[in-house]
Amino acid sequence: METQKKALPLLKAHDLHVYYGAIHAIKGITLEVYENEIVTLIGANGAGKSTTLNTIAGLLKPRQGTVALNGEIISGLGASKVVPKGLSLCPEGRRIFQQMTVRENLEMGSYTRPATEIAGSLEDVFKRFPRLKEREKQIAGTLSGGEQQMLAMARALMSKPKLMMLDEPSMGLAPILVEQIFSIIKELHQAGTTILLVEQNAQMALQVADRAYVMETGNITLQGPAEELLHNEAVQRAYLGS
Amino acid sequence: MIFLDNLINGLSLGSIYAIIALGYTMVYGIAKMLNFAHGDVIMIGAYIAFCGLQYWGLPPVIAILAAMAVCTLLGVTIEGLAYRPLRQATSLAVLITAIGMSYLLQNIALMIWGANPKSFPRTFINGASIRIGQLNISSATIWTILANIVIMVALTLFTAKTKMGKAMRCVSEDRGAAELMGINVNRTISMTFAIGSALAAIAGVLLCSSYPILQPTTGSMPGIKAFTAAVFGGIGSIPGAMIGGVLLGVIEIFGKAYISTELGDAIVFAVLIVVLLVKPTGLLGKPVREKV
Ligand SMILES: Nc1ncnc2c1ncn2[C@@H]1O[C@H](COP(=O)(O)OP(=O)(O)OP(=O)(O)O)[C@@H](O)[C@H]1O
Ligand SMILES: [Mg+2]
Numbered sequence: 001m002e003t004q005k006k007a008l009p010l011l012k013a014h015d016l017h018v019y020y021g022a023i024h025a026i027k028g029i030t031l032e033v034y035e036n037e038i039v040t041l042i043g044a045n046g047a048g049k050s051t052t053l054n055t056i057a058g059l060l061k062p063r064q065g066t067v068a069l070n071g072e073i074i075s076g077l078g079a080s081k082v083v084p085k086g087l088s089l090c091p092e093g094r095r096i097f098q099q100m101t102v103r104e105n106l107e108m109g110s111y112t113r114p115a116t117e118i119a120g121s122l123e124d125v126f127k128r129f130p131r132l133k134e135r136e137k138q139i140a141g142t143l144s145g146g147e148q149q150m151l152a153m154a155r156a157l158m159s160k161p162k163l164m165m166l167d168e169p170s171m172g173l174a175p176i177l178v179e180q181i182f183s184i185i186k187e188l189h190q191a192g193t194t195i196l197l198v199e200q201n202a203q204m205a206l207q208v209a210d211r212a213y214v215m216e217t218g219n220i221t222l223q224g225p226a227e228e229l230l231h232n233e234a235v236q237r238a239y240l241g242s
Numbered sequence: 001m002i003f004l005d006n007l008i009n010g011l012s013l014g015s016i017y018a019i020i021a022l023g024y025t026m027v028y029g030i031a032k033m034l035n036f037a038h039g040d041v042i043m044i045g046a047y048i049a050f051c052g053l054q055y056w057g058l059p060p061v062i063a064i065l066a067a068m069a070v071c072t073l074l075g076v077t078i079e080g081l082a083y084r085p086l087r088q089a090t091s092l093a094v095l096i097t098a099i100g101m102s103y104l105l106q107n108i109a110l111m112i113w114g115a116n117p118k119s120f121p122r123t124f125i126n127g128a129s130i131r132i133g134q135l136n137i138s139s140a141t142i143w144t145i146l147a148n149i150v151i152m153v154a155l156t157l158f159t160a161k162t163k164m165g166k167a168m169r170c171v172s173e174d175r176g177a178a179e180l181m182g183i184n185v186n187r188t189i190s191m192t193f194a195i196g197s198a199l200a201a202i203a204g205v206l207l208c209s210s211y212p213i214l215q216p217t218t219g220s221m222p223g224i225k226a227f228t229a230a231v232f233g234g235i236g237s238i239p240g241a242m243i244g245g246v247l248l249g250v251i252e253i254f255g256k257a258y259i260s261t262e263l264g265d266a267i268v269f270a271v272l273i274v275v276l277l278v279k280p281t282g283l284l285g286k287p288v289r290e291k292v
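If you read the sequences in order, they're chains A and B.
To convert, note that position 235 of the first sequence is 235 in the numbering used here; the numbers rise steadily by one, no gaps.
To convert, note that position 90 of the second sequence is 90 in the numbering used here; the numbers rise steadily by one, no gaps.
Note that these hints are calculated values from the structure, not bench results.
Note that the Cβ used here is the ideal one computed from N, Cα and C, for glycine as well.
Treat the hints with care, as some may be off.
Unchecked claim - Simulated pairs of lysine-lysine, DSS-like, Cα-Cα distance not exceeding 27 angstroms:
| id | chain 1 | residue 1 | chain 2 | residue 2 |
| --- | --- | --- | --- | --- |
| 1 | A | K81 | B | K163 |
| 2 | B | K163 | A | K127 |
| 3 | A | K27 | A | K12 |
| 4 | A | K162 | A | K12 |
What the hints assert, rightly or not - Heads up, incomplete: computed chain B residues facing chain A, CB under 7 angstroms, no partners named:
| id | residue |
| --- | --- |
| 5 | C170 |
| 6 | E173 |
| 7 | D174 |
| 8 | A177 |
| 9 | L180 |
| 10 | G182 |
| 11 | I183 |
Said to hold, decoys possible - Cβ-to-Cβ under 7 angstroms is the rule here; a few derived chain A residues that face chain B:
| id | residue |
| --- | --- |
| 12 | L59 |
| 13 | A79 |
| 14 | S80 |
| 15 | V83 |
| 16 | P84 |
| 17 | L89 |
| 18 | T112 |
With the rest of the complex left out, here is chain A (with noise of 0.2 angstroms):
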């Protein structure tokens, strides 16, 4: 841990302010991601989870503050630009294309990718979300929420990110698909891409993670090692429900 962090981080968020309209939604938070580190952000609803995602991802401009990814700076290049740099998104509520199918979902997930490297990719995503090449011709809007979540990630890792982001991933699930979807992160982490996590299951997201960010209306209120934080009484009173 200790020589990683002198490390150049893999994506460095300084002092990020982002507004809508009037609304000042994120007050200036500053993280770091290290290269195959899981990192969790947590905070109640409206927090600004969501927000800190999609400004990093382009699809909102910081008023202020900048983002960078392996020391470049990304914000202000726009969604479309920063994903073939190797961040990609699984976004809230999975905004997979409802009328496209699966196939056609995954093919659009490496769209800034060489045609030839698609079959390749498929072939590796199907071998991890199997049930999706069992329903590869299905209309995605027709597949259950747990498929649904599945491919939204199976989708975001077409792109090959070495960053990937997901924004609870565990919303709106059985007990048993959380737990699918957290053992799927654990072995995406183990073959080497480096997560991002926003979860309202606080407790299963700062189990598999290594370090933890909270967030308080716009603000980073708390960070350290996820071990740290579980054990943190004030934690423990706002979001584990102990």
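Since the structure of chain A is already known, use the hints to place chain B with the ligands on it.
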């Protein structure tokens, strides 16, 4: 025989509406706006083809291609200059801009070509008509219906199979998610305007081949009718534009033939109102999905 004549005339007029309606429906589906200047792009296309044929001595096919090229450029320019800066604005602001753009195009045409109607030259499109028994089918009718079918098939294949076509479907469903795939939304919207405007040029030539009077307001009424057709078929739906356009043309011609010549247009809009009362999303429109 009169019935069949009317039917064929209706199919022909409807095919023109359908080609125009495709422009409205694609732009609505992808950019989520009503481009009321679309009808006037048709008029500009017809004028360019007219100039090509009348003044520059171009062969008809080249004149049509020139009209398509100019309209493509025009559509992309209109989008880039007038609509793109309003991407985050209210839909009312966009609508008013589109109406203003429509008047601007009409007035530019008035300045360049004057108010006097021009008579559109005859081309291969107005060739010899075909006789089948008692039935007399004009060459323009055949070309129009043929063009409609070819365009329909080509667009369906384009959106189903090509990378750009799929990107358009993504932008149409969820602009933000499309961006997260790496799709350049602005470029995709530009492309949509390019295709819609090129089709408008074809519609302009076909329209003026059947009704050869060309003036700056030539595009207005067909534009409004085609917009009606797009809503009728389900705005945003490509096959809907096709069906809506053809049905509208047939209803208009039959209404004029059997009910009242004066009320022909009113009948068209009355049918639209009835359809929208029964099925608010149009014939093939998808119900708006509730966000959960
Ligand atoms: N499009 C928007 N327009 C205006 N305000 C917004 C918009 N999106 C979010 N906000 C506001 O910004 C703040 C942060 O919202 P955000 O969605 O980032 O929270 P979150 O931490 O992801 O919450 P949740 O856990 O419920 O997903 C909230 O107060 C929200 O009301
Ligand atoms: Mg959120």
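We went through each hint and held it up to the structure:
{"no.": "1", "hint": "A:K81 / B:K163", "in the structure": "holds (17 angstroms)"}
{"no.": "2", "hint": "B:K163 / A:K127", "in the structure": "holds (25 angstroms)"}
{"no.": "3", "hint": "A:K27 / A:K12", "in the structure": "holds (16 angstroms)"}
{"no.": "4", "hint": "A:K162 / A:K12", "in the structure": "holds (14 angstroms)"}
{"no.": "5", "hint": "C170", "in the structure": "holds (6 angstroms)"}
{"no.": "6", "hint": "E173", "in the structure": "holds (5 angstroms)"}
{"no.": "7", "hint": "D174", "in the structure": "holds (5 angstroms)"}
{"no.": "8", "hint": "A177", "in the structure": "holds (4 angstroms)"}
{"no.": "9", "hint": "L180", "in the structure": "holds (6 angstroms)"}
{"no.": "10", "hint": "G182", "in the structure": "holds (4 angstroms)"}
{"no.": "11", "hint": "I183", "in the structure": "holds (6 angstroms)"}
{"no.": "12", "hint": "L59", "in the structure": "holds (6 angstroms)"}
{"no.": "13", "hint": "A79", "in the structure": "holds (4 angstroms)"}
{"no.": "14", "hint": "S80", "in the structure": "holds (5 angstroms)"}
{"no.": "15", "hint": "V83", "in the structure": "holds (4 angstroms)"}
{"no.": "16", "hint": "P84", "in the structure": "holds (6 angstroms)"}
{"no.": "17", "hint": "L89", "in the structure": "holds (6 angstroms)"}
{"no.": "18", "hint": "T112", "in the structure": "holds (4 angstroms)"}
Of the hints listed earlier, there is not a single one the structure fails to meet.
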